[in-house]
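Colleague: Each chain, letter by letter, is given below.
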Amino acid sequence: MTTTSPAPSGPLAFVHRRRRGAELFLLVLALLVGIGAYAAVGIGVEESVPADLVGYGGWLAALIITCHVVVRLAAPYADPVLLPVVAALNGLGLAVIHRIDLDQGSGFASRQLTWMSVGVGLFIATLLLLRDHRVLTRFTYTSGLGAIVLLLTPMMPLIGNEVRGARIWIQLGPFSLQPGEVAKVLLVVAFAGYLVQHRDALALAGRRVLFVDLPRGRDLGPVLGMWLISLGILVFQKDLGSSLLFFGLFLVMLYVATERPGWLVVGGALFLGGALAAWRIFGHVQTRVDIWLDPFSHYGAGTDGRGEQPLEALFGMAWGGLIGRGFGDGDPARVPFAESDFIIAAIGEELGLTGLMAVLLLYGIIVERALRAALISRDGFGKLLAAGLGAVLALQVFVVVGGVTGLIPLTGLTTPFLSYGGSSLVANWVIVALLLRVSDLARRPLPDLTGSADQGSDDDTQVVRVQR
Amino acid sequence: MNKPIRTISVFCLLLFVALLANVTYLQFWRADGLNDDPNNRRALDERFSQQRGAILVGNDPIARSEPVDDRYDYQRTYLKPLLYSHLTGWFNFYNAQPATCAGCQQRVEQTYNELLSGEDDRLFVTRLVDLLSNKETQGGNVQLTIDPAAQQAAYDGLRAVVGPEGEGSVVAIEPRSGKVLAMVSLPTFDPNALASHDLSEVNEAAERLEADDDEPLLNRSIQTTLPPGSTFKIVTAAAAIESGDYEADDLVPGGPSYQLPLTSDDSGLIDNEGRDCGSDRIPFAQAMENSCNTTFARLAVDLGAEAMQEQAEAFGFNQQYFEDLLPQATSRFPEGMNEPQTGQTGIGQFEVAATPLQMAMVVAGIANDGSVMKPYLVDEVQSPEFDQIDATDEEELSEAVSASTADQLTELMVSTVDVGTANPAAIPGIQVAGKTGTAQSGQDDVAPYAWFVSFAPADDPEVAVAVMIQDAPGRARGEIAGGLLGGPIAKAVMEAVINR
Numbered sequence: 000m001t002t003t004s005p006a007p008s009g010p011l012a013f014v015h016r017r018r019r020g021a022e023l024f025l026l027v028l029a030l031l032v033g034i035g036a037y038a039a040v041g042i043g044v045e046e047s048v049p050a051d052l053v054g055y056g057g058w059l060a061a062l063i064i065t066c067h068v069v070v071r072l073a074a075p076y077a078d079p080v081l082l083p084v085v086a087a088l089n090g091l092g093l094a095v096i097h098r099i100d101l102d103q104g105s106g107f108a109s110r111q112l113t114w115m116s117v118g119v120g121l122f123i124a125t126l127l128l129l130r131d132h133r134v135l136t137r138f139t140y141t142s143g144l145g146a147i148v149l150l151l152t153p154m155m156p157l158i159g160n161e162v163r164g165a166r167i168w169i170q171l172g173p174f175s176l177q178p179g180e181v182a183k184v185l186l187v188v189a190f191a192g193y194l195v196q197h198r199d200a201l202a203l204a205g206r207r208v209l210f211v212d213l214p215r216g217r218d219l220g221p222v223l224g225m226w227l228i229s230l231g232i233l234v235f236q237k238d239l240g241s242s243l244l245f246f247g248l249f250l251v252m253l254y255v256a257t258e259r260p261g262w263l264v265v266g267g268a269l270f271l272g273g274a275l276a277a278w279r280i281f282g283h284v285q286t287r288v289d290i291w292l293d294p295f296s297h298y299g300a301g302t303d304g305r306g307e308q309p310l311e312a313l314f315g316m317a318w319g320g321l322i323g324r325g326f327g328d329g330d331p332a333r334v335p336f337a338e339s340d341f342i343i344a345a346i347g348e349e350l351g352l353t354g355l356m357a358v359l360l361l362y363g364i365i366v367e368r369a370l371r372a373a374l375i376s377r378d379g380f381g382k383l384l385a386a387g388l389g390a391v392l393a394l395q396v397f398v399v400v401g402g403v404t405g406l407i408p409l410t411g412l413t414t415p416f417l418s419y420g421g422s423s424l425v426a427n428w429v430i431v432a433l434l435l436r437v438s439d440l441a442r443r444p445l446p447d448l449t450g451s452a453d454q455g456s457d458d459d460t461q462v463v464r465v466q467r
Numbered sequence: 000m001n002k003p004i005r006t007i008s009v010f011c012l013l014l015f016v017a018l019l020a021n022v023t024y025l026q027f028w029r030a031d032g033l034n035d036d037p038n039n040r041r042a043l044d045e046r047f048s049q050q051r052g053a054i055l056v057g058n059d060p061i062a063r064s065e066p067v068d069d070r071y072d073y074q075r076t077y078l079k080p081l082l083y084s085h086l087t088g089w090f091n092f093y094n095a096q097p098a099t100c101a102g103c104q105q106r107v108e109q110t111y112n113e114l115l116s117g118e119d120d121r122l123f124v125t126r127l128v129d130l131l132s133n134k135e136t137q138g139g140n141v142q143l144t145i146d147p148a149a150q151q152a153a154y155d156g157l158r159a160v161v162g163p164e165g166e167g168s169v170v171a172i173e174p175r176s177g178k179v180l181a182m183v184s185l186p187t188f189d190p191n192a193l194a195s196h197d198l199s200e201v202n203e204a205a206e207r208l209e210a211d212d213d214e215p216l217l218n219r220s221i222q223t224t225l226p227p228g229s230t231f232k233i234v235t236a237a238a239a240i241e242s243g244d245y246e247a248d249d250l251v252p253g254g255p256s257y258q259l260p261l262t263s264d265d266s267g268l269i270d271n272e273g274r275d276c277g278s279d280r281i282p283f284a285q286a287m288e289n290s291c292n293t294t295f296a297r298l299a300v301d302l303g304a305e306a307m308q309e310q311a312e313a314f315g316f317n318q319q320y321f322e323d324l325l326p327q328a329t330s331r332f333p334e335g336m337n338e339p340q341t342g343q344t345g346i347g348q349f350e351v352a353a354t355p356l357q358m359a360m361v362v363a364g365i366a367n368d369g370s371v372m373k374p375y376l377v378d379e380v381q382s383p384e385f386d387q388i389d390a391t392d393e394e395e396l397s398e399a400v401s402a403s404t405a406d407q408l409t410e411l412m413v414s415t416v417d418v419g420t421a422n423p424a425a426i427p428g429i430q431v432a433g434k435t436g437t438a439q440s441g442q443d444d445v446a447p448y449a450w451f452v453s454f455a456p457a458d459d460p461e462v463a464v465a466v467m468i469q470d471a472p473g474r475a476r477g478e479i480a481g482g483l484l485g486g487p488i489a490k491a492v493m494e495a496v497i498n499r
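Residue numbers (numbering that gives the first Met the number 0), protein chains in the order written: chain H, 0 to 467; chain V, 0 to 499.
Mixed in with the good hints there might be a few duds.
DMTMM-like cross-link-like pairs, simulated, lysine to aspartate or glutamate; straight-line CA separation at most 20 Å [to be verified]:
#1 K373/V - D417/V
#2 K134/V - E258/H
#3 K134/V - E164/V
#4 K134/V - D155/V
#5 K373/V - E393/V
#6 K134/V - D330/H
#7 K2/V - D199/H
#8 K2/V - E45/H
#9 K134/V - D378/H
#10 K2/V - D378/H
#11 K373/V - E350/V
#12 K2/V - E46/H
#13 K134/V - D328/H
Simulated restraints, written as ranges between beta carbons of each label pair [to be verified]:
#14 G104/H - R207/V: 49 to 57 Å
#15 V148/H - L130/V: 52 to 60 Å
#16 L128/H - D129/V: 56 to 64 Å
#17 V148/H - N202/V: 54 to 62 Å
#18 N38/V - D328/H: 53 to 61 Å
#19 L360/H - Q387/V: 44 to 52 Å
#20 T353/H - P326/V: 39 to 47 Å
Honestly, the hints are just simulated from the structure, not real lab data.
As the structure is a computational prediction, the values presented were derived from the model and not from experiment.
Beta carbons are placed, not taken as given, at the ideal position from N, Cα and C, and that holds for glycine.
Bound conformation, chain H alone (with noise of 0.2 Å):
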């Protein structure tokens, strides 16, 4: 990945190549992912290649190689490994959504297809238009009341709509969105914003108790705001993945701005009790506990039938086993909304515990990347938001797996890429062009200063902090 450059300039010797070509070739091996997968399903369900594979393998390579020759014009330096990543979740998301659009008669695959161009579209916007990442510092105030005012949508009359107990949906005209998907990337800026500014009066102030370094009492407006808006979106939204998702990434960037771990443990300690005192006070909260720990008896005739969804999902996985009944042997569509909150059941029955790793480590590849884009990052702002955005995933990716997979209580949350949605997948497409963003800026050689200013002089003039 490196090489050392022959100048003497210490810590940053390391230049980093542009490695634009192994990009390219990844995302031919990701286009042969989503395209084949496509092909695979039309031989398994209907054995015989799908007719519109041409056009449709046509329209998703036009969009990944429009992808790829932006972030040559726009991010010559950014991470060669992402893009790929990306783009063969998404095209196996797009697969396994066909599959069950043929099992179920519905159209969410070619909707899904056009919202990925929308997030392509997007992907080539921000990277176009944010030529420097920092510029996003003058926003941090805005895009943090867009964040609440999106959050609060939900709960407005006429478009706010209650699906699934959750009310984290809005309706306008045909379409319906989900505001938490975009409020995460406000968010994300917004907290990378303000912590830069605010990090050294959180850091240093406070006292030591118990081994621990607590923080001052005033400090703790903003972590106690937060913790008030994540349970109110568990009490009045009902929807517990956002509240986890949200809190968990402010404390991780707190954490990551201020190197305190006091932080975390105050805003564990908030976060466990809200939690527990939701549990203690609210039904929908226990439904979701017992369901978790005692699927069975929430299952079959008798029951309350409120298990029948992630039953159904541990039964399709299992069903799969090692490696998979194949695409079209399994019955994906067993599972309610298979192509959205439980894609992951889908894809552990048909393509089995392989497939399911393989999903699995793509997304680790994706978090790994955004937090190496944080540590090599030569601004505050982009660390924080590399790490943020990174964090985000990471937590999304095990709420959502986790709660599929029966490892943790359930909770309504879509699979980043795979998962039917737009609002999710544009976001998501946002997310990944910031993250190429910071990268591009962070492996990006420095502009040589040696020839203008006085050798002697060159370690007064470096402006740009580089590591703490």
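Position chain V relative to chain H; hints supplied.
Modeller: Quick look at chain V alone, frame taken from chain H:
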């Protein structure tokens, strides 16, 4: 800020490791348990939509899976439903899962389910080839021991005697092997209705059959035990000859009546319902030909309860021996009786109760030189390509009597057919050995049960038959007699086997 980022990286790594470990546990270790869960409709759907093997009689399938155009792909179809319903049983959505209850009715569809569905270990290679060539798993075939002509003759004969509402059973066995050649139970039912893919149709048919007072779902051949009456006199005679006190040519006690020991009233008085049984001692042959109650009650008292029980158990009473259809009712011979009770058992009354299969085994044992073979219904199991992969081994259940005793009993039974009560079963040109029975039901409003047991040819037996008529509506009480009703049925079955 790099230190916390590294910490967060480790935290994220832990999250992913937890997810990977959990899916591995779920899809590998926990998978078998979840797949066997009765709630798991996927496993059930798969079992139900499988191409099962055929159940064959002779060269023809009596049950097979036919491709259909619905969500379950194959419809289980029974080709001679009324004739074979009690043997095949049926395969539907409810019993497609592995049987979990011990007392459930299991017929060949269930007892050989693993083979028919292709899950049996003996089909492992076939399954592997199917998997590699991307074909659906096909089930193996099960070949029954049934002789189609004998089965048809038994069904037609019994049906003609008892009518559409009547109850009865016919069992035919090949004496030297124990193969079941015919097994009919009436009333019967149509398993196709119970195998429908339309569950409401299945429920309706099941409710109707279960509510029926005639119990059509009951396989009377193995699940109904009734007093065997005079047919049990063969067992008494066997015990008498085995004891060494008597031979077939000897004189035995006779007389028009016999007061059982320890009794003084009418209930302990045995008579012969008008048949000629001499006044004191009569030839053994005459006692058998005229089915003399006085003779056999007295013989039983003389031999004692223990000797009688030993002999009955040597023929299979008080035992379970049939595995191809479940459950099997145990034929009973009571223990620890006093003298008058023992006398009653000598003529097949008191608490003696036998299934038709048990009585067929009694005569089959005598036909096979005293050796009772374990009865079996499934001859061999085959691969989906009809290659034999396993055959049932013949097995001796017990040595009931010595060969010479068997010869003497045969002699007595032959004369019973030739000149005695069993005459309706006589076949011109072939020596037939037989015995009739008409057992009191013990209830005033229930007609007596008619029995008939026989085997032929007497010198080289090919078939042993037991006929039981439990209820023949429309026939006068006096008309019900083993010889008259059962004899012609047994004759037809024996002829079907001998002339094949």
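Colleague: None of the hints should be skipped; say for each whether it holds.
Modeller: Hints, verified against the model:
no.: 1; hint: K373/V - D417/V; verdict: violated (30 Å)
no.: 2; hint: K134/V - E258/H; verdict: violated (60 Å)
no.: 3; hint: K134/V - E164/V; verdict: violated (47 Å)
no.: 4; hint: K134/V - D155/V; verdict: violated (42 Å)
no.: 5; hint: K373/V - E393/V; verdict: holds (7 Å)
no.: 6; hint: K134/V - D330/H; verdict: holds (18 Å)
no.: 7; hint: K2/V - D199/H; verdict: holds (16 Å)
no.: 8; hint: K2/V - E45/H; verdict: violated (53 Å)
no.: 9; hint: K134/V - D378/H; verdict: violated (60 Å)
no.: 10; hint: K2/V - D378/H; verdict: holds (15 Å)
no.: 11; hint: K373/V - E350/V; verdict: violated (24 Å)
no.: 12; hint: K2/V - E46/H; verdict: violated (54 Å)
no.: 13; hint: K134/V - D328/H; verdict: holds (12 Å)
no.: 14; hint: G104/H - R207/V: 49 to 57 Å; verdict: violated (37 Å)
no.: 15; hint: V148/H - L130/V: 52 to 60 Å; verdict: holds (56 Å)
no.: 16; hint: L128/H - D129/V: 56 to 64 Å; verdict: holds (58 Å)
no.: 17; hint: V148/H - N202/V: 54 to 62 Å; verdict: holds (56 Å)
no.: 18; hint: N38/V - D328/H: 53 to 61 Å; verdict: violated (21 Å)
no.: 19; hint: L360/H - Q387/V: 44 to 52 Å; verdict: holds (49 Å)
no.: 20; hint: T353/H - P326/V: 39 to 47 Å; verdict: holds (45 Å)
When held up to the earlier numbered hints, the structure conflicts with 1, 2, 3, 4, 8, 9, 11, 12, 14 and 18 and fits the remainder.
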